[in-house]
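Chemist: Sequence:
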Amino acid sequence: MLTNPFSSAIHYQKGIPLLPGAFPVMGHVPTLIWDSAELLRKGRERLGDIFRIRMGSSLAPTPLLVGPEGFELLRNKSAYIPLSINNDSTNADFLGRHGLLVLRDTQHQRMRAALNPPFVPRGLSLSGIGSVMSDCIHQRLLKWSRGSSLRILSETQSIALEIIFRLLDVKVEELQAWQDNYRQFMQILIPIKLDFPGSPRRRALRARSWLDAQLTALIERSRQAPEGPSLVSAMSHARDEGGQLLSMQELIDNFRLLILAGHETTASVMAWMVTRLAQDPELLGMLQQETVRVGHIPQTPQQSKEHPVAEALFRETLRLYPPLYITGRMLAEPTTLAGHRFAAGQQIFIGLGDIARDPRFFTDPERFDLQRWLTRSGPPSPLLTSQFGGGPHFCLGYHLAVFEGIQFAAGLALHLKQNHLRLRLKGATPKSVYYPLHHPAAATTICVE
Numbered sequence: 014m015l016t017n018p019f020s021s022a023i024h025y026q027k028g029i030p031l032l033p034g035a036f037p038v039m040g041h042v043p044t045l046i047w048d049s050a051e052l053l054r055k056g057r058e059r060l061g062d063i064f065r066i067r068m069g070s071s072l073a074p075t076p077l078l079v080g081p082e083g084f085e086l087l088r089n090k091s092a093y094i095p096l097s098i099n100n101d102s103t104n105a106d107f108l109g110r111h112g113l114l115v116l117r118d119t120q121h122q123r124m125r126a127a128l129n130p131p132f133v134p135r136g137l138s139l140s141g142i143g144s145v146m147s148d149c150i151h152q153r154l155l156k157w158s159r160g161s162s163l164r165i166l167s168e169t170q171s172i173a174l175e176i177i178f179r180l181l182d183v184k185v186e187e188l189q190a191w192q193d194n195y196r197q198f199m200q201i202l203i204p205i206k207l208d209f210p211g212s213p214r215r216r217a218l219r220a221r222s223w224l225d226a227q228l229t230a231l232i233e234r235s236r237q238a239p240e241g242p243s244l245v246s247a248m249s250h251a252r253d254e255g256g257q258l259l260s261m262q263e264l265i266d267n268f269r270l271l272i273l274a275g276h277e278t279t280a281s282v283m284a285w286m287v288t289r290l291a292q293d294p295e296l297l298g299m300l301q302q303e304t305v306r307v308g309h310i311p312q313t314p315q316q317s318k319e320h321p322v323a324e325a326l327f328r329e330t331l332r333l334y335p336p337l338y339i340t341g342r343m344l345a346e347p348t349t350l351a352g353h354r355f356a357a358g359q360q361i362f363i364g365l366g367d368i369a370r371d372p373r374f375f376t377d378p379e380r381f382d383l384q385r386w387l388t389r390s391g392p393p394s395p396l397l398t399s400q401f402g403g404g405p406h407f408c409l410g411y412h413l414a415v416f417e418g419i420q421f422a423a424g425l426a427l428h429l430k431q432n433h434l435r436l437r438l439k440g441a442t443p444k445s446v447y448y449p450l451h452h453p454a455a456a457t458t459i460c461v462e
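According to this note's numbering, the sequence shown is numbered sequentially starting from 14.
No false leads were mixed into what you were given.
Pairs of lysine to any residue residues, derived as SDA-like cross-links and limited to a Cα-Cα distance of at most 20 Å, are as follows:
no., residue 1, residue 2
1, Lys-430, Asp-148
2, Lys-90, Arg-354
3, Lys-55, Phe-36
4, Lys-444, Asp-48
5, Lys-430, Met-299
6, Lys-90, Arg-117
Quick list of the computed label-pair ranges, beta carbon to beta carbon:
no., residue 1, residue 2, range
7, Asp-293, Arg-196, 27 to 33 Å
8, Pro-210, Met-39, 23 to 29 Å
9, Arg-234, Arg-125, 23 to 29 Å
10, Asp-148, Gly-69, 39 to 45 Å
11, Leu-396, His-24, 30 to 36 Å
12, Lys-439, His-24, 40 to 46 Å
13, Thr-442, Gly-255, 50 to 56 Å
Calculated from the structure, these hints are not laboratory results.
Quick reminder that beta carbons are idealized off the backbone N, C-alpha and C, glycines included.
Based on the sequences and whatever the hints tell you, model everything.
Modeler: As structure tokens, this is what we get:
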């Protein structure tokens, strides 16, 4: 594990231990990029459920919670995601000031109530989203032919991004321009705040302006037409509890958030799913048996219930390879956590990825085991869905993400079976990269044989 060998002693700040191994200036950031899982595991085992980490030189050592206390803070209704931290406006630049993730209290409740209907299972069924997604998956998988060599993360990112843009009614001939500008916009996350011609920040802001202009035109076209069942129509015509249409900026910020959450996280999980299938022929055979028995890719969330193995594959992959390993909350009121009293306005990190690897929550947590899900009775508990957040900020697109994951697993299994193909992982077990989201290293290659 990449740590500073000259920082091994444990120091305390206000009674909370500082995790050893931080580098000058960069803090624990290099370790978090390359080995978040091991860093948090060793921190939990050595220091307990609360310790401080250094996120670079701009922030003071910040408390990080793992275990049951971290899980409870995730569900805390008063904790929130701040727009800015120490004058760093990245959250506002990236998520917008009207995105669901950063709104609080009555503002959040108003936005959530307006946007929720098309994202529940019934809304997803009525919108016909399933046929759009399955067609996109099918068309992309046709390119997975014998002899193909795929950089799997790039491939699943392209699939997921095309799906989300198709759901936004983007024309096929415009997809490349949308993808190019979205990739430029993602540079807003690069921790270089200098703004000059050609800088990452300048390119990101220019791309965001392009995306916002396109989204404005898309929303205006949708509002000029009668409300239909599509996702973009439902969101564009969404009204709050007072009957008022959401403002243009509110919609733009949430459409932009939908693009981020609707493809980056799902693409990472899908990439890990493919690597697991390539490494485990028995697992692939189990999935294929189910898909052949059902005979089709599910077109609605209701039909997804016929694919418990595909669902278990998606959920277990998400558990062991969560896209977001660390998240943060700001305390809105004084709170006691892990025996320590914190004032309102204190930022706390949550070791979200470590929750799924904590033996107090999961038996033999490092083992990839579909039976955790196949033997479950009833809907998943808040613990089992913790990767989608908790409390009032539980992911709006939860049902959409699970549905897409099941469709992709079923579609891939059917494609391979019908064309007598198999997958092989080229090289050693893929390395993880944890920033900005947890994904297999870009060079990870899957061969189709």
